[in-house]
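Student: Sequence:
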Amino acid sequence: MTNMDVALKDMMLLDGAIGAAIVDYGSGMPLGVVNGTKALDIELAAAGNTELIRAKVRTIEQLGMNDSIEDVLITLGSQYHILRPTHGRKTRGLFLYLALDRDSGNLAFARHRLKAIEEDLEV
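End of the sequence shown = 598 in our numbering, gap-free, step of one.
Calculated from the structure, these hints are not laboratory results.
We put the beta carbon where it would ideally sit given N, CA and C, even for glycine.
Treat the hints with caution; some may be incorrect.
[Stated by the list, open to error] Listed next, the in silico DSS-like pairs over lysine-lysine satisfying Cα-Cα at most 30 angstroms (straight line):
1. K484 - K513
2. K565 - K590
3. K484 - K590
4. K565 - K484
5. K531 - K565
6. K590 - K513
7. K484 - K531
8. K531 - K590
[Stated by the list, open to error] Per label pair, the in silico range of CB-to-CB distance:
9. Q537 - L488: 33 to 41 angstroms
10. R577 - G539: 33 to 41 angstroms
11. G539 - T512: 23 to 31 angstroms
12. E526 - H562: 14 to 22 angstroms
13. T512 - Q537: 32 to 40 angstroms
14. M487 - K531: 24 to 32 angstroms
15. R567 - T534: 28 to 36 angstroms
16. S502 - E597: 33 to 41 angstroms
Starting from the given sequences, assemble the full structure and let the hints guide the process.
Tutor: Have a look at this one:
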């Protein structure tokens with residue numbers, strides 16, 4: 476099992492990592508953040524992306540789908556933002572948030588690592 480600080484450090488070890496957060500999407504509050512650059516306010520971005528997660532969860536429920544979000548990818552001109560809701564019994568209601576530089580990050584590997592981090596996370 477991985478604690479929050481280790482999970483954040485693991486996320487920031489990814490090539491191209493700009494910032495990382497673990498966010499409670501019920502309250503919109505980040506439980507932990509690591510900012511790798513002044514160009515991105517990861518706390519503000521995490522709070523804003525909470526609305527996106529809430530809206531998608533609500534839409535899935537309204538559609539009566541028996542499914543859940545694996546991850547959400549936001550592609551910007553110079554960055555990737557990956558939001559991965561957690562599904563563990565002790566971590567439900569949280570999401571991992573990772574911002575990557577497009578030029579130096581590897582999107583496929585980042586998604587793979589976030590899945591592993593999410594599965595080991597214990598808060």
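Student: So, for every hint listed, does it hold in this structure?
Tutor: Against the structure, the hints come out as follows:
1. K484 - K513: At roughly 18 angstroms apart (the allowed maximum being 30 angstroms), K513 and K484 satisfy the hint.
2. K565 - K590: The hint holds at about 16 angstroms.
3. K484 - K590: Since the Cα atoms of K484 and K590 sit roughly 15 angstroms apart, the hinted pair holds (cutoff 30 angstroms).
4. K565 - K484: 20 angstroms, holds
5. K531 - K565: 21 angstroms, holds
6. K590 - K513: It holds: about 27 angstroms lies between the C-alpha atoms, which stays within 30 angstroms.
7. K484 - K531: 28 angstroms, holds
8. K531 - K590: 19 angstroms, holds
9. Q537 - L488: 33 to 41 angstroms: 38 angstroms, holds
10. R577 - G539: 33 to 41 angstroms: 36 angstroms, holds
11. G539 - T512: 23 to 31 angstroms: About 41 angstroms separates the Cβ atoms of G539 and T512, which means 23 to 31 angstroms is violated.
12. E526 - H562: 14 to 22 angstroms: Given about 20 angstroms between the Cβ atoms, the range holds.
13. T512 - Q537: 32 to 40 angstroms: 37 angstroms, holds
14. M487 - K531: 24 to 32 angstroms: Taking Cβ atoms as reference, M487 and K531 lie about 25 angstroms apart, which means the hint holds.
15. R567 - T534: 28 to 36 angstroms: Distance hint for R567, T534 is violated at roughly 18 angstroms.
16. S502 - E597: 33 to 41 angstroms: Violated, at about 19 angstroms.
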